[in-house]
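Protein chains in written order, with my numbering: chain A, 1 to 612; chain B, 1 to 281; chain C, 1 to 201.
For the record, the hints were derived by calculation from the structure and aren't laboratory data. Hints are all accurate, no fakes.
Covered stretches of chain A, going by a simulated chain C footprint (3 or more residues, C-beta under 8 Å): (1) 190-201; (2) 226-232; (3) 243-255; (4) 270-284.
Yeah, the Cβ is synthetic: ideal placement off N, Cα and C, and Gly gets one too.
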Amino acid sequence: MAAPTDAYNQLQAVHHPPTSFIAKYIWSGDHKVIAKQFLWGGLIFLLLGGLQAMFIRWQWAYPGQPVPVLGQVFFSDSGGVITPGHYTSLFTSHGLIMIFWAITPMMIGAFGNLTIPLMIGARDMAFPLLNTLSFWTWVLSGLMVLGSFMVPYGTAAAGWTTYPPLSGNAGTPGWGQSLFVLAIFTTGTATIMGGVNYVTTVIRLRAPGMTWDRLPLTVWGQFLTAILNVLFVPVLAGGGILLLLDRWFGTSFYVAGALAGEGAGDPILFQHLFWIFGHPEVYILILPAWGFVGDFVSFFSRKPAYWYKGSVWAMTAVSIMSAVVYGHHMYTTGMAPLLGKSFMMLTLIISVPAELLFLNWLHTMYHGSMRKTVPMMFALGTIFVFGSGGLTGLPLATISTDLYLHATMFVVGHFHLTMASAAFLATFGAIYFWFPKMFGCLMNDRLARWHFWFSFIGLNGVFIGQLISGYAGQPRRLYDPFQYAFTEHLLGINQVTSYFAFFLAFGQIFFVINWFTSVFKKNPECEQNPWQVGTLEWSVANPTPVYNFLQIPIVTCGPHEYSNPECIEKLGKDWQGQWETLDGSDPELPEPVSTGHHHHDDHGAEPHASEE
Amino acid sequence: MDLLKRLQHRWYQLVAALVLYGMPLDVFAAVEKETGYDMPRDVSLDGHRITWLINITMWFLVVLFVIMVIWMAIAMFKHDESHPAEYDHGDAGKQIAVALSISGVIFLVVDGNLYVNAMIDLDEVFWNFGEYDDNPETIKIEVNAHQWAWDGRYAGPDGKWNTQDDAITLNDIRVPVNRPVLVQLTSSDVIHAFNLPNMRVKTDAVPGTVSPLVFQAKETGEFDIACAEHCGAFHYKMKGKLTVLSQEDYDLWLNEVSHQSSLAYNPDDTDAHWGWPWKEL
Amino acid sequence: MMNIASQKSIPIAFPSERSVRVTNHVGMILALVSFTMMFLALFYAYGLLRIRAVAWPPPGVPQASLVVPSLITVMMMGSSVAVEAARKQIRLADMRRFQRFALGSIVLGILFIGLQAGVWVELWESGLTLAVGPYASLFYFLTAFHALHVLAGLGILIWMYVAVPRASHIEIRDSRAQVASMFWHFVGAVWLVIFSLVYVF
Numbered sequence: 001m002a003a004p005t006d007a008y009n010q011l012q013a014v015h016h017p018p019t020s021f022i023a024k025y026i027w028s029g030d031h032k033v034i035a036k037q038f039l040w041g042g043l044i045f046l047l048l049g050g051l052q053a054m055f056i057r058w059q060w061a062y063p064g065q066p067v068p069v070l071g072q073v074f075f076s077d078s079g080g081v082i083t084p085g086h087y088t089s090l091f092t093s094h095g096l097i098m099i100f101w102a103i104t105p106m107m108i109g110a111f112g113n114l115t116i117p118l119m120i121g122a123r124d125m126a127f128p129l130l131n132t133l134s135f136w137t138w139v140l141s142g143l144m145v146l147g148s149f150m151v152p153y154g155t156a157a158a159g160w161t162t163y164p165p166l167s168g169n170a171g172t173p174g175w176g177q178s179l180f181v182l183a184i185f186t187t188g189t190a191t192i193m194g195g196v197n198y199v200t201t202v203i204r205l206r207a208p209g210m211t212w213d214r215l216p217l218t219v220w221g222q223f224l225t226a227i228l229n230v231l232f233v234p235v236l237a238g239g240g241i242l243l244l245l246d247r248w249f250g251t252s253f254y255v256a257g258a259l260a261g262e263g264a265g266d267p268i269l270f271q272h273l274f275w276i277f278g279h280p281e282v283y284i285l286i287l288p289a290w291g292f293v294g295d296f297v298s299f300f301s302r303k304p305a306y307w308y309k310g311s312v313w314a315m316t317a318v319s320i321m322s323a324v325v326y327g328h329h330m331y332t333t334g335m336a337p338l339l340g341k342s343f344m345m346l347t348l349i350i351s352v353p354a355e356l357l358f359l360n361w362l363h364t365m366y367h368g369s370m371r372k373t374v375p376m377m378f379a380l381g382t383i384f385v386f387g388s389g390g391l392t393g394l395p396l397a398t399i400s401t402d403l404y405l406h407a408t409m410f411v412v413g414h415f416h417l418t419m420a421s422a423a424f425l426a427t428f429g430a431i432y433f434w435f436p437k438m439f440g441c442l443m444n445d446r447l448a449r450w451h452f453w454f455s456f457i458g459l460n461g462v463f464i465g466q467l468i469s470g471y472a473g474q475p476r477r478l479y480d481p482f483q484y485a486f487t488e489h490l491l492g493i494n495q496v497t498s499y500f501a502f503f504l505a506f507g508q509i510f511f512v513i514n515w516f517t518s519v520f521k522k523n524p525e526c527e528q529n530p531w532q533v534g535t536l537e538w539s540v541a542n543p544t545p546v547y548n549f550l551q552i553p554i555v556t557c558g559p560h561e562y563s564n565p566e567c568i569e570k571l572g573k574d575w576q577g578q579w580e581t582l583d584g585s586d587p588e589l590p591e592p593v594s595t596g597h598h599h600h601d602d603h604g605a606e607p608h609a610s611e612e
Numbered sequence: 001m002d003l004l005k006r007l008q009h010r011w012y013q014l015v016a017a018l019v020l021y022g023m024p025l026d027v028f029a030a031v032e033k034e035t036g037y038d039m040p041r042d043v044s045l046d047g048h049r050i051t052w053l054i055n056i057t058m059w060f061l062v063v064l065f066v067i068m069v070i071w072m073a074i075a076m077f078k079h080d081e082s083h084p085a086e087y088d089h090g091d092a093g094k095q096i097a098v099a100l101s102i103s104g105v106i107f108l109v110v111d112g113n114l115y116v117n118a119m120i121d122l123d124e125v126f127w128n129f130g131e132y133d134d135n136p137e138t139i140k141i142e143v144n145a146h147q148w149a150w151d152g153r154y155a156g157p158d159g160k161w162n163t164q165d166d167a168i169t170l171n172d173i174r175v176p177v178n179r180p181v182l183v184q185l186t187s188s189d190v191i192h193a194f195n196l197p198n199m200r201v202k203t204d205a206v207p208g209t210v211s212p213l214v215f216q217a218k219e220t221g222e223f224d225i226a227c228a229e230h231c232g233a234f235h236y237k238m239k240g241k242l243t244v245l246s247q248e249d250y251d252l253w254l255n256e257v258s259h260q261s262s263l264a265y266n267p268d269d270t271d272a273h274w275g276w277p278w279k280e281l
Numbered sequence: 001m002m003n004i005a006s007q008k009s010i011p012i013a014f015p016s017e018r019s020v021r022v023t024n025h026v027g028m029i030l031a032l033v034s035f036t037m038m039f040l041a042l043f044y045a046y047g048l049l050r051i052r053a054v055a056w057p058p059p060g061v062p063q064a065s066l067v068v069p070s071l072i073t074v075m076m077m078g079s080s081v082a083v084e085a086a087r088k089q090i091r092l093a094d095m096r097r098f099q100r101f102a103l104g105s106i107v108l109g110i111l112f113i114g115l116q117a118g119v120w121v122e123l124w125e126s127g128l129t130l131a132v133g134p135y136a137s138l139f140y141f142l143t144a145f146h147a148l149h150v151l152a153g154l155g156i157l158i159w160m161y162v163a164v165p166r167a168s169h170i171e172i173r174d175s176r177a178q179v180a181s182m183f184w185h186f187v188g189a190v191w192l193v194i195f196s197l198v199y200v201f
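Please construct the entire structure, taking both the sequences and the accompanying hints into account.
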């Protein structure tokens with residue numbers, strides 16, 4: 001009768017609380033601890049990446065002027081002035097750090113880890129050891145990044161896109177560029193580990209009754225992102241390895257022109273490999289945000305998510321199409337016209353599922369009963385910035401208009417609205433929302449709202465300013481953009497944009513204060529379900545117990561059951577938890593779906609469903 | 001490709017750098033400055049197609065965005081906590097049809113307009129390289145980009161490329177007004193991009209390949225050439241000047257430069273012979 | 001790292017050991033999907049560089065004779081057969097024969113690497129150096145990268161050799177061997193593609 005204990009206990013053991021410091025904070029295996037580790041790590045790099053952005057904005061507002069105070073710290077070798085060499089490293093590392101060491105660990109590493117097991121009714125991820133390894137591999141990659149700043153010739157300087165030949169030895173000599181590429185490879189490995197874990201967990205560890213059509217949109221977002229990570233980060237790894245081989249061993253994958261010996265490689269090959277990863281990557285960085293928004297809008301409009309299945313299909317369609325649109329980053333490289341036109345058609349088509357998603361969100365909040373909670377404000381903000389940002393993608397998707405707009409600040413404004421602003425706002429919304437699950441009580445509401453408004457106004461100011469200057473023709477990545485007759489007059493708008501950036505930066509102080517005071521507050525009296533929502537994580541205490549669920553829940557309904565008249569009548573509240581039945585009876589185990597292995601437990605009770 | 005072999009000699013870069021930095025910015029003062037946040041002056045025959053398509057699309061986008069914001073405002077202020085929520089899953093057949101129809105209409109109008117016009121514009125002008133190449137009126141120019149300057153080459157009276165009478169220029173491309181121009185671009189080191197904002201077009205200059213770019217100027221004057229692909233620390237200064245002249249002035253200038261280049265021609269200086277046989281398109 | 005609680009009062013979902021196996025297999029399949037995508041990216045690189053080349057192989061470049069490469073291909077396939085034979089022994093509960101077959105597959109894998117290295121040395125000395133260009137870069141890199149994965153696979157086979165007999169239950173033994181064999185067969189399949197690309201065509 002008895003299954004051997006190590007087999008299934010390893011999978012769904014009820015954890016005893018860890019006792020040693022190492023088991024509690026360093027080498028834990030508990031997805032909730034790993035989530036916090038990723039969150040702290042990501043916040044630190046967000047600070048670094050943000051500082052770099054401020055330096056770039058300083059240089060554009062006051063070209064050639066020494067940076068006050070911080071200039072003496074970071075640019076002491078040039079008297080506090082940002083030099084052209086510094087500048088190329090600044091925009092390169094700003095982009096790479098924000099993508100791989102800020103957004104990814106926060107949105108995916110932290111919130112994927114936190115939400116997936118809890119929202120599907122599991123006790124932990126499928127592979128806890130792999131999870132721990134994933135975090136420490138990421139830490140290793142972060143150390144490589146920091147190390148790259150300290151080597152002779154400085155850190156990477158070929159743009160986040162790292163195009164050869166500029167990223168080769170002749171273009172950017174020294175260890176800095178190589179270390180950074182190695183760091184990308186390492187963090188990519190961590191991401192793949194996480195992706196394998198997340199996908200396996202969602203497929204295999206859903207609680208009984210948690211069918212695919214009852215998954216919260218948050219979990220769908222994380223699941224699809226994890227699949228994209230598993231598929232496309234390896235392509236970046238491949239492209240990156242070839243670059244490192246060119247740099248270290250004299251191979252000729254990307255070498256061409258005067259630098260090539262007898263046989264020339266192809267620099268455009270790198271662009272293909274990079275963007276086959278790079279375009280799915282931007283969806284990787286937004287799908288979790290779409291998931292948060294889809295859920296929060298329903299939760300706080302007290303209304304079911306409008307056409308839930310349509311949203312899931314839209315997110316899935318975008319994921320499937322994400323790799324076949326990548327050529328729109330390469331329209332000016334001289335590709336065959338037919339190929340370019342195919343990419344254009346596909347890129348225009350991929351905008352349709354995204355539009356559908358928006359319509360569903362707008363329909364959800366309409367005729368709702370909106371509670372303007374902090375997470376809801378951040379969700380609304382995300383919709384606002386992704387709306388404007390996403391729409392500006394259309395003239396970029398089109399080849400003829402892109403001939404003008406390519407490599408201008410219009411592109412920079414577009415992706416900072418869709419990627420940076422939307423992911424930023426959604427992630428902070430998630431932090432405020434799930435803070436009680438991680439640390440016990442809610443964060444301070446007033447500070448959170450100051451944080452929101454400074455961020456929202458700041459983000460919009462900066463990136464709409466960039467859209468304007470890009471429309472006027474300002475090229476991107478210029479140390480001094482005002483060298484040309486067609487851009488000299490744009491100093492004014494650049495200064496205004498920079499003031500919005502400093503405003504944005506200042507506003508983060510409200511979060512920093514709120515974060516430190518809330519994390520370290522010792523207050524045992526915390527409400528269990530302050531948001532009054534029905535997803536599974538809110539059925540357990542705050543902060544979440546080590547073992548998550550003392551009993552694995554049986555799921556009775558979807559995650560968006562709000563304002564059901566029957567529920568209001570029978571349960572006396574406008575929300576139904578996914579573990580609750582309307583008539584108050586105990587939920588029954590669903591019939592086993594497959595003909596799989598049935599197992600009787602010690603109590604001789606009914607067979608548990610072993611597969612869904 | 002073996003057409004474009006060119007060894008990198010430091011002295012050539014040094015000369016280019018000296019010329020570039022030595023030149024007072026005044027030289028570029030003749031290029032008329034822009035004002036306002038509109039696109040730079042369009043002096044090309046066909047740039048208006050791009051200008052129009054961008055502008056009308058931006059109007060569509062603004063309209064859609066405003067509708068979205070109004071919708072959100074109603075939800076936020078009228079359908080707030082004082083308003084009872086509807087228990088509506090939105091998955092009835094009629095509702096789905098409405099949602100798909102709205103998306104479909106937006107797609108057909110906005111995306112459709114972009115797609116149809118882009119296909120026409122690419123086929124008729126911007127990627128219609130074969131027709132430009134076959135046209136005997138077309139001015140043909142070879143441009144080699146390198147850190148951080150633009151080398152220009154005109155075939156000269158003998159009509160052959162990479163010969164003694166080729167007119168060689170530095171950061172200085174001149175064309176006659178009202179004649180089609182076809183530029184073939186490459187680079188000898190890293191990727192650059194040849195950007196003519198006043199013609200609305202740009203194309204990458206990639207080492208190992210030759211990329212085409214077409215335009216036709218309809219006004220005389222002096223305009224910026226900018227680099228539009230990050231190419232190193234001095235990418236921001238990789239500035240050239242595009243001058244559009246009357247036909248007579250252009251002919252005079254070309255003859256003069258061809259003559260000067262011919263005199264300066266050194267058969268042993270392989271660096272300077274970076275040209276290539278014109279690539280048939 | 002994780003403590004085991006008493007099961008007396010805690011009903012647990014998915015209590016069967018088969019479900020643990022399936023979970024592990026799903027994980028391995030996903031990992032193999034990742035590895036496959038990476039190799040596909042490298043094959044894409046091969047395709048693009050080959051199409052753009054004027055002549056392939058470039059004229060005057062030394063070519064490997066197909067004898068040793070064909071031999072090691074057969075060895076690789078034999079090694080996969082050996083692994084499958086080993087797995088059959090698990091159901092027959094014969095650990096000694098299992099270990100014999102497992103050892104056989106490991107030995108074949110080691111020989112593969114050794115002979116492959118020999119081919120590299122011979123070609124390098126006869127003039128196929130990196131200066132030749134992308135042809136040489138691709139040849140050495142694709143085969144070397146594969147060899148790296150063969151090494152990793154050998155590590156996994158050694159783990160299998162040790163861990164399978166140690167497992168307390170036949171289902172777990174089977175599961176461990178299956179996971180290991182998935183990786184090893186994957187490495188063999190990739191070799192077939194590489195062999196075709198760099199040696200045959």
